[in-house]
Structure formats: C-alpha cells, structure tokens
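2 protein chains.
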Amino acid sequence: MHFDVLVEVRLRPGIADPQGATIERALPALGFHEVTGVSVGKAIRFRVEASDEAEAQHRVDELCRRFLANPVIEDVETTLAVTSGADAAATR
Amino acid sequence: MHFDVLVEVRLRPGIADPQGATIERALPALGFHEVTGVSVGKAIRFRVEASDEAEAQHRVDELCRRFLANPVIEDVETTLAVTSGADAAATR
Numbered sequence: 008m009h010f011d012v013l014v015e016v017r018l019r020p021g022i023a024d025p026q027g028a029t030i031e032r033a034l035p036a037l038g039f040h041e042v043t044g045v046s047v048g049k050a051i052r053f054r055v056e057a058s059d060e061a062e063a064q065h066r067v068d069e070l071c072r073r074f075l076a077n078p079v080i081e082d083v084e085t086t087l088a089v090t091s092g093a094d095a096a097a098t099r
Numbered sequence: 008m009h010f011d012v013l014v015e016v017r018l019r020p021g022i023a024d025p026q027g028a029t030i031e032r033a034l035p036a037l038g039f040h041e042v043t044g045v046s047v048g049k050a051i052r053f054r055v056e057a058s059d060e061a062e063a064q065h066r067v068d069e070l071c072r073r074f075l076a077n078p079v080i081e082d083v084e085t086t087l088a089v090t091s092g093a094d095a096a097a098t099r
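Chains as they are written, first to last, in our numbering: chain R, 8 to 99; chain C, 8 to 99.
Derived from the structure by calculation, the hints contain no laboratory data. Don't take every hint at face value.
Any copy will do: because identical chains look the same in the list, a pair fits if it lies in one copy or spans two.
To be verified - Heads up, simulated SDA-like pairs for lysine to any residue below, C-alpha to C-alpha not over 20 angstroms straight-line:
| id | residue 1 | residue 2 |
| --- | --- | --- |
| 1 | 49 | 62 |
| 2 | 49 | 13 |
| 3 | 49 | 80 |
| 4 | 49 | 85 |
| 5 | 49 | 20 |
| 6 | 49 | 31 |
| 7 | 49 | 59 |
| 8 | 49 | 36 |
Pulled out of the complex, with its shape left as it was, chain R reads as follows (with noise of 0.2 angstroms):
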C-alpha cells in the first residue's frame, strides 16, 4: 500500500520565530490587523509505501524523529492517508 504523508514541522512554543514575528509585524501596515499569532514552520511531504497504516506510521515517526526534526526545538504533526488507485499509478 502507499500512503501520502504531510509532515508539519513547527517551532516549540518559546521558541524565537523570526520569520513569523516579521509578518505579524508587517501585517497591519498591509491591512490585515485581524491575524495574530503568526508561526512559519515546514510542510514537508511524500509518499511511503508499507505493508498497512501502522507500519507506516512507525516508519513516518521513525523518518521523522531522526531526520526531519529537532526536537529540541520543534515539533512534528504527521499526517496520513492511503493514496487512492490513480495516484498511485503515477510516478514522480
């Protein structure tokens, strides 16, 4: 089975966020003064193939834990959904 994942990489809170802070700031110069609290993090996705969703997820929790992170300073949201038949097909 393949399954495409969306991993959210984001600053833990208390950590300094400089490129959030700058569009926070920005943004009611720019007409917007109704957004507040403003993050930038990665969005980083792909597509794992296992043999169900709970390997995975472990597989994803694995990748994610040693290489997409630190997690000293960030936190992980992982998202998963099987890829339906005719993406699945298709090769990149």
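Chain R is already provided as a structure; the job is to place chain C on it using the hints.
Using the frame of chain R, we list chain C on its own:
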C-alpha cells in the same frame, strides 16, 4: 469569532524543489528506501478574527494571494478551524 488557520504553501508541479530532492536522494542510504516524492513547503499558522467563517476564509484567501504565496510558482491550501472547537473545521 476566532479561527485557527493553517496555510500550506508548496511549490507547483514542475517547479524545481532542491530541498525535497536532496532529502529524497539521501534517504535510501539512511535506511528509508520506501519513501519517494519528497517535497518541502511552508506551513504558516496564525489566528484570524472574523464575524463568520465565510469572512475569515475570504480574508485568508486575500492574505495568501497578496503576501504569503507567489502564485507563479506556489500553490496554497488553507485549513480553518474555529478556535473554541474542532467540529467546525473546513478544508479548502
């Protein structure tokens, strides 16, 4: 009402993604042969105040169009959720 917003900004198909390509090239040697199609984008989170969800979605769309993404090379996917409850989540 307050809405928690997640904006995922990713490169459009066909646009070179050196970050994703580098990760994908490295993974087999690191023991992750089952991962393909890696792409790296941005995950921007913020809170927006609006009178209803339609207005919030409209403002978020405008913000993305004007400042958060470059439509020539990037696609955007937004997710809104009412801050006080997850039931009203809507993906677009």
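Going down the list of hints, with the structure as the test:
1. 49 <-> 62: Neither, since 24 angstroms and 27 angstroms both go past 20 angstroms.
2. 49 <-> 13: For residue 49 and residue 13, both the intra-copy (10 angstroms) and inter-copy (11 angstroms) Cα distances are at most 20 angstroms.
3. 49 <-> 80: Answer is both: 13 angstroms inside a copy and 17 angstroms across each meet the 20 angstroms cutoff.
4. 49 <-> 85: Answer is both: 12 angstroms inside a copy and 14 angstroms across each meet the 20 angstroms cutoff.
5. 49 <-> 20: both (15 angstroms within a copy, 18 angstroms between copies)
6. 49 <-> 31: both (17 angstroms within a copy, 16 angstroms between copies)
7. 49 <-> 59: Classified as neither; 26 angstroms inside a copy, 28 angstroms across copies.
8. 49 <-> 36: neither (26 angstroms within a copy, 23 angstroms between copies)
Hint violations for this structure: numbers 1, 7, 8, all remaining hints satisfied.
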